[in-house]
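Participant: Heads up: the protein sequence lines correspond to chains G and C, in order. Reading the first sequence from the start, the letters are residues 1 to 213 in the numbering used here. Reading the second sequence from the start, the letters are residues 1 to 443 in the numbering used here.
One thing to keep in mind: the hints can contain errors.
What the hints assert, rightly or not - The list that follows gives simulated cross-link-like pairs (lysine-lysine, DSS-like), each with its CA atoms no further than 25 Å apart: (1) C/7 / G/175; (2) G/71 / G/19; (3) G/71 / G/56; (4) C/288 / G/15; (5) C/385 / G/125; (6) C/287 / G/15; (7) G/170 / C/287; (8) G/76 / C/288; (9) G/15 / C/40; (10) C/8 / G/175; (11) G/26 / G/71; (12) C/272 / C/385; (13) C/404 / C/342; (14) C/404 / G/56; (15) C/5 / G/175; (16) G/56 / G/22.
Stated by the list, open to error - Derived contacts from chain C toward chain G, CB cut-off under 10 Å, selection only: (17) 13; (18) 14; (19) 24; (20) 37.
Just so you know, the hints here were simulated from the structure itself, not pulled from any lab data. Note that the Cβ used here is the ideal one computed from N, Cα and C, for glycine as well.
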Amino acid sequence: MGEEDLHQLIRGCIKQDRKCQKMLYKAFYGFSMSICLRYAGNRDDAAEVMNQGFFKVFTHIESYDMGRPFKAWLGKIMMNVSIDFYRANLKMAYTEDLDKAEHISDGDIADKNLHYNDLLAMVQKLPQAYRTVFNLFAIDGYSHDEIASMLNINAGTSKSNLHKARQKLKQMIFKAESSANNANYNSNSGYTPIVAITGSDMRGVFFNKGIRE
Amino acid sequence: MNNEKDKKLDDFFRTGLEDPVHHPVYNENDWSALEDLLDKHTKRRGLIYWLPVLGSAAALLLLFLGWWMFRANPVQTSSKLQAINHYPQGNSGGFVRQPADHKQTALLSQAVHHQQANTGTSGGSIRQPVAHKQTPSGTAGVYAGNVHAIKAGSTGKSSFTSSAAVSPRGTTGERLGDKQNIVSGEPAVLKRDYVALSAVSTTPVFETGLISSSSVSAYQINIPAAGSPKSLSGNGKEKIKIKSQAAFRPQFAVSILAAPDLNGVGSFQQGKVGTNVGLLFSAGVSKKFTISTGALYSVKPYLANFADYHTPYNFHVSPVNITADCRMLDIPLNLGYQLYNKQQNKLSIGTGLSSYIMLHEQYTYNYNDVYAYGPSGYTVPHSSKYFFGVLNLNATYDRQLNSKVGISIQPYLKLPLSNIGYGQVKLQSTGVAVGLKWNLNKP
Chain G
1 MGEEDLHQLI RGCIKQDRKC QKMLYKAFYG FSMSICLRYA GNRDDAAEVM
51 NQGFFKVFTH IESYDMGRPF KAWLGKIMMN VSIDFYRANL KMAYTEDLDK
101 AEHISDGDIA DKNLHYNDLL AMVQKLPQAY RTVFNLFAID GYSHDEIASM
151 LNINAGTSKS NLHKARQKLK QMIFKAESSA NNANYNSNSG YTPIVAITGS
201 DMRGVFFNKG IRE
Chain C
1 MNNEKDKKLD DFFRTGLEDP VHHPVYNEND WSALEDLLDK HTKRRGLIYW
51 LPVLGSAAAL LLLFLGWWMF RANPVQTSSK LQAINHYPQG NSGGFVRQPA
101 DHKQTALLSQ AVHHQQANTG TSGGSIRQPV AHKQTPSGTA GVYAGNVHAI
151 KAGSTGKSSF TSSAAVSPRG TTGERLGDKQ NIVSGEPAVL KRDYVALSAV
201 STTPVFETGL ISSSSVSAYQ INIPAAGSPK SLSGNGKEKI KIKSQAAFRP
251 QFAVSILAAP DLNGVGSFQQ GKVGTNVGLL FSAGVSKKFT ISTGALYSVK
301 PYLANFADYH TPYNFHVSPV NITADCRMLD IPLNLGYQLY NKQQNKLSIG
351 TGLSSYIMLH EQYTYNYNDV YAYGPSGYTV PHSSKYFFGV LNLNATYDRQ
401 LNSKVGISIQ PYLKLPLSNI GYGQVKLQST GVAVGLKWNL NKP
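Please build the complete structure, drawing on both the sequences and the hints.
Facilitator: Set out below in structure tokens:
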């Protein structure tokens, strides 16, 4: 979408034109959803959070500065609503004992044949507190101090959660690798290895397929 | 070493998850959910914005009803203000209209207390010489802001309050404004509560350069501001484009207005509260100017001194003052100028002229002496019209609640350019109009 088209759409949204809103929604659906998906535990939550984000966008569109990139503004809103969602669900958040994850072999992960859906499923499987810190630090590039103030936690907690998140992710990568080695001989499809990890992962797999299709 | 590996892991996930190729595809159901959210928001917002409007309407209604009930029996309960203008002539107790060769000014303001209780058993008259005000003009003796409240209870006791102007009693060369009620033998009459306060001038009617007077409300409605473009920061081009898109179009609106106001002749010192209700139509003729017109039904009670009241009728005994109850249609034609317009708030000032169509005029003459011989009142049988006889001045605050509906608050002043009504009084009004406005077209 050209910049002029985008501005045209935004002007339409300022006038609360429903058609323009829908076009803008469609145009940035994938971008927004991909942010919300990695912060949320599942697709339903992600869709809900994303809609909250778009709701904010449409009701505060007049505060958008056209001189700045729209994507950055939108992305920031999506991240903020995701954090709001995290805060709202803080009571339900749980942390997991990581004893089992302490001894992970450090192979070269860059070589692993893992795709978007695999990675997303892993991130989504993280407990919410770990996932949020991991997203903010590793993907969105915030410092621990910034994260601490955003999530209203200590910087130490942020570091600790990040460490645990990484450990868990490594564990999952390792598991994926080993099960792929075991089960891959009767399947050539690129996304089945995840299915083979464990039966309890079925939900995530269907979800991922849903995204892909 | 560890840090490096961690960084690798982070990068691995970042590149994998930020790859736009794998972004989820659009799902219509999600849009439907958002649309519901947006619709709900609009409805809820509408409701929330309506609440204060409904609240104000209810408050206005209550105010009006309260006023109505209060007004229902004013005669029995209210004190009367009376002025005494004339020497009593002869000893009959009657008064003859005095040639206006005495000037007396501003007696109104002083009120002195003088209380006296009369416990006479006869229920007879109370005779009270009271105060006098010496005229500044030095005319031969003057008399009396003489005021008394006579209360005659069933026991025959009467209490008596008199307020008087400052001059000492019995000063030579002064006459006592001796208000005398010849009551003996008529206790029934005495039972009326009667409180007279202060005296007023005998000045011939036209002499006092009356301040403007005249009545009623000025209403004015301004163009809805809803369509003002929200400016977006960005390059200059954008701004210009947006502005040109929002070029001026005439905007029309209809308002319903209600306004309590204060009506007085010459001043608001003796002001009485009236009510105005009506419809106004307004058209924005440019970005800044709005013309409005309409019709308001006005109830204008007022109290006029006899000096301010003109009548061909030759009173044998002049009333002290006149209580008027006028019902009229106020047809304003106003021009408003917008001073400030930001977001939903607008401030404007306006001026214009009002025409009055008198629907009903009723005058009650109040005499100082309860036995005065004279007409008690007059009801004008026909309606009359006074075109552009009143100058409207107003300031308006508008708040747009949504693109269709707004509320306005408008303090106003109506100054007389000509005499109004059967009594040809200079009736002036001031009040605050509260309005609810509908925009007829989209800005």
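Participant: So which hints don't hold here, by number, going up?
Facilitator: Hints 5, 7 and 8 not satisfied by this model.
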